[in-house]
Amino acid sequence: MKPVVNDLSIHIATVNGSGSQTANSLILRAIFQMGIPVSGKNLFPSNIAGLPTWFTIRASGEGWVARRKRNDLLIVMNPETAAKDVAEMGPGSVIIVNESIAIPEVPADRIVHRVPMGKLMEPITNDVRLRRLVVNMIYVGVLAEILGIEEAELERALQAQLGRKPKAMALNQAALRAGMAFAREQLAGASPFRLERMDRTGGRILIDGNTAGALGALFAGVTVVTWYPITPSSSLVEALIGFLEQHRRDPETGRNTFAVVQAEDEIAAIGMVLGAGWAGARAMTSTSGPGLSLMTEFAGYGYYAEIPAVIWDIQRVGPSTGLPTRTAQADLSFALTMSHGDTQFPVLLPGSVEECYQFAMDAFDLAERLQSPVFVLSDLDLGMNNWMADPFVYPEKPWDRGKVLDDAALAKVRTFERYRDVDGDGIPYRTLPGVRDPKGAYFTRGSGHDEAARYTESSEVYVRNLDRLARKYDTARTLVPAPIITDAPGAELGLIAFGSTHWAMLEALAMLQRQGIAASYCRVRALPFAASVAEFVRRHKKVVVVEQNRDGQLAERIRLEAPERAADVLSVLHYDGMPIDAESVVAGVLAHVAPPAAIGQGVSR
Amino acid sequence: MSAPTTPPAAPVNRIGLTRADYDGSKTTLCPGCGHNAITGGIIQAAFEAGLEPHRVAKLSGIGCSSKTPAYFLGQSHGFNAVHGRMPSIATGVHAANRELLLIGVSGDGDTASIGLGQFCHLIRRNVPAVYIVENNGVYGLTKGQFSATADVGSTQKTGRANALMPIDLCALAIELGCGFVARSFSGDQKQLRPLLRAAFAHRGTAVLDVISPCVTFADHEGSTKSYAAVKQTDAPLHDIDYVPFYEDIHVDYAPGTTREVKMPDGSTIVLKKLAEDHDPSDATGALRVLHESRAEHRLVTGLVYVDPASRPFDEELAVVDTPLAQLPLERVRPPRQVLDSIMRAYREGTVAVGAGGG
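Here the protein sequences line up with chains A and B, keeping their order. Residue 1 is where the first sequence starts when you use the working numbering, and the numbers rise one by one after that. Residue 1 is where the second sequence starts when you use the working numbering, and the numbers rise one by one after that.
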């Protein structure tokens, strides 16, 4: 049988805290270094140690990196989930099981390899704890041998990770080699899947979205960072702290050109950001759903008082415990109008790690230009998983600090009024505390203020202010990242998506094309929308919006952009906590364009 | 009072400003409100201290008290925040610009109820800020409900008595390690002004719990925070003088009758002993005084506790001297080679990839 080359998914079932992370990232790195496009997804529980965890690696010569529903190889390391894990594997798949784990009877068209991992570990170390951690390297060795992962690349990846710890290095090497030797001797030619070197990853990097966002903030010149620990957002700030401590210490004094404050809660975190932004710092916070909920009152205050703030939301599923470590795109509507009263915020929607980096910088420029809290909506899949990317580009532009009047500027004006729309774009001028010119001082408060920031309860003034704020939001349409639109010639079908859904969309578009269905594609990258989004809707007969939430939050906004076409804007919705996959997208789209064709397993409405 | 025959030029302070330069807009609080007297005290103390208005940021939360920053120092930036959250604003402003003197005004509802958490964490971090609580035991703006500082047995106008223990903000502040804790009375300007000036000089969070009777909802018989009740129970710990670093101490105190506290800027707080000798450097003793006086229905006022050497938050943050808000791009954007080396690490895999956690 001809093997399947460079197109496979490996599902590794382990126990949280068992040290499988080193092993799994080693496989990922080695495949990547063989020039084969690869992605890794960590499906982990809300737990430190003991609960089941899975890591899925997809290698795709064609470059697809979204989650696949079907896995080709399974590594069974967790007795608790073994039965269910094995049952999910389809015909033709390969199951590699630690011999000590009992698994149910498997149909004959699945290949099962039992590996005596305990026995193979015996000569390597007597330390029981080390055996438990290093045993993962046995399956790396077995996989390497049966798939053809190059030993030299594994060694190189291991060297890069553990090179500075010779003892750990030697142990891991020994286990890796033991796994390879066993597979070579016992399982020769036993896999229908192979990996073969190609040249599609040269010069690229592997990085997660949260680290990318942290890098963007570093080069944006962030000065004040506040946060409260929450998964899946913590790793963004933790990465940022690492970068700041390394690269933002004054060379002469060793002191910091930044301040990071771990707040007592997310209310305080956003309060600190507003205080710092008001006083002229580039200030940001990062959170996830529950934290975002706590920030609502202050967000509205920031909108009315017009204070720059950058707020990252690494989206996860709903409140409290349950699935805090699963992904979603369900905070869009909430972030967009967060707070009571009439509020609307610019919301940036990065779809790649490159955009996490770039939008981290853009968000500060926009927040200071627009004098508004700006949200950046990433998600767990984008934020915590590893993605291939081109190396990030150093910012060529200086920063945009927006309309700030310093003493020199104040000296040139007769009067200063904090909330007057001098330029007609809805954006007023501001001063920072510390400015010497007495006419620069003003009093900041919420909704009830006139152009000179004086207290008023006048209805007329209130309406005037609200209308100016709406004008300002209109200005934002032209400043936020524009959508990326690819028109298929003559296509009547248009697809719209945002954020991490993009990767399943690319694959789905190719699958649809193979089925003879041409579709244009619009990836929105921010709200408020550029005018081109409505135009995209208007030039397609049918528009399908694909997103990872239950109620079609983006679709709802798209309908508002082209209300006369609202009935032609349909949804494909995915909201089970797992990253969306291309098959589900295709099934959902087909259900809309070719009824009553069979609807796959994708959740669609 | 007779009018002078020739109007004298308004006196100026050491930076050449008149008292009027420290005024704000007209108060909109009830006539006779204790808060207005505190506003007057702040204006006078700022004038006497020669504060540069542009170096001051006024902060507040929500409530009658929190309206008052509009009524003083009109040449300073002000920030009337949301209810109970002024401390987080203060923390952010300080992180952005450590050169600003933060004067925060809050109330007992704003501090002891909705804002208790932020109050505690401001103190815990020791963010340099003067935190004035205008404490009247009731919610004025919402028409007289009890706050969490109302004394047991104190009554509302309707006659309903409070049954719950009050939160003693001074005792709490000492417990949290606050380096400047004072209690005063809006009717005692002689005590309030030197306390304010000392608080301006403190490097760290300075808490001033100022009993400030609410003339509309808590000035009746049965209220323990009425003018009459406070005048009757007020038990000063000492008489206070504040001698700024640029003035000499007049030596007209009999030896052994005063305690002196040196502030970091060279100023001196002179405490003249009254009946009992209160040692404000003794936190345990200060807590005992607060506990005993509450049991005896006495309102002790004065400098309850002070530690001029407390470590302020900007030292903890180890930030550069220049306010972070004023750093130019070249000091906050690392050079191109930094990005290049980080990208190399992510290309070659020399950084650990992947993450987990819950």
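A few of these clues could be false.
If you want the ones that stay clear, here's a sample from chain A, every Cβ over 12 Å from chain B, calculated [said to hold, decoys possible]:
id, residue
1, 440
2, 443
3, 559
DSBU-like cross-link-like pairs, simulated, lysine-lysine; straight-line CA separation at most 35 Å [claimed, not checked]:
id, chain 1, residue 1, chain 2, residue 2
4, B, 26, A, 412
5, A, 165, A, 119
6, B, 231, A, 439
7, A, 439, A, 403
8, A, 397, A, 439
9, A, 403, B, 143
10, A, 2, A, 84
11, A, 439, A, 412
12, B, 231, B, 262
13, B, 26, A, 439
14, B, 143, B, 26
15, A, 397, A, 412
Label-pair ranges, simulated between beta-carbon atoms [to be verified]:
id, chain 1, residue 1, chain 2, residue 2, range
16, B, 262, A, 457, 47 to 53 Å
17, B, 331, A, 539, 57 to 63 Å
18, A, 404, B, 28, 29 to 35 Å
19, A, 457, B, 165, 34 to 40 Å
20, A, 534, B, 28, 45 to 51 Å
21, A, 411, B, 228, 35 to 41 Å
22, B, 50, A, 411, 33 to 39 Å
23, B, 50, A, 413, 24 to 30 Å
24, B, 331, A, 411, 38 to 44 Å
25, B, 276, A, 47, 40 to 46 Å
Source of the hints: derived by calculation from the structure; they are not laboratory data. Here the structure is a predicted model, which means the values were calculated and not measured. Glycine included, each C-beta is placed from N, C-alpha and C at the ideal position.
Now for the hints, and whether the structure bears them out:
1. 440: 8 Å, violated
2. 443: 4 Å, violated
3. 559: Holds: least Cβ distance 34 Å, greater than 12 Å.
4. B:26 x A:412: Judged against 35 Å, a Cα distance of about 29 Å means the pair holds.
5. A:165 x A:119: With Cα atoms ~25 Å apart, residue 165 of chain A and residue 119 of chain A stay inside 35 Å; holds.
6. B:231 x A:439: Measuring from Cα to Cα gives roughly 41 Å; hence the hint is violated.
7. A:439 x A:403: The given pair, whose Cα atoms are some 16 Å apart, holds under the 35 Å limit.
8. A:397 x A:439: Judged against 35 Å, a Cα distance of about 32 Å means the pair holds.
9. A:403 x B:143: 41 Å, violated
10. A:2 x A:84: Roughly 29 Å between the alpha carbons, so the hint for residue 2 of chain A and residue 84 of chain A holds.
11. A:439 x A:412: 12 Å, holds
12. B:231 x B:262: Holds - the C-alpha atoms of residue 262 of chain B and residue 231 of chain B are around 30 Å apart, at most 35 Å.
13. B:26 x A:439: Distance ~18 Å between residue 26 of chain B and residue 439 of chain A Cα, so the pair holds.
14. B:143 x B:26: Distance ~22 Å between residue 143 of chain B and residue 26 of chain B Cα, so the pair holds.
15. A:397 x A:412: 27 Å, holds
16. B:262 x A:457: 47 to 53 Å: For residue 457 of chain A against residue 262 of chain B, whose Cβ atoms are near 48 Å apart, the range 47 to 53 Å holds.
17. B:331 x A:539: 57 to 63 Å: The hinted range 57 to 63 Å is violated for residue 331 of chain B and residue 539 of chain A, with Cβ atoms some 48 Å apart.
18. A:404 x B:28: 29 to 35 Å: Cβ of residue 404 of chain A to Cβ of residue 28 of chain B: about 31 Å, so the range 29 to 35 Å holds.
19. A:457 x B:165: 34 to 40 Å: Check passed, 38 Å falls within 34 to 40 Å.
20. A:534 x B:28: 45 to 51 Å: For residue 28 of chain B against residue 534 of chain A, whose Cβ atoms are near 47 Å apart, the range 45 to 51 Å holds.
21. A:411 x B:228: 35 to 41 Å: Given range 35 to 41 Å: violated, Cβ gap about 53 Å.
22. B:50 x A:411: 33 to 39 Å: Check failed, 24 Å falls outside 33 to 39 Å.
23. B:50 x A:413: 24 to 30 Å: 28 Å, holds
24. B:331 x A:411: 38 to 44 Å: The hinted range 38 to 44 Å is violated for residue 331 of chain B and residue 411 of chain A, with Cβ atoms some 26 Å apart.
25. B:276 x A:47: 40 to 46 Å: Violated, at about 58 Å.
Hints 1, 2, 6, 9, 17, 21, 22, 24 and 25, counting from the list given before, are not met by this structure.
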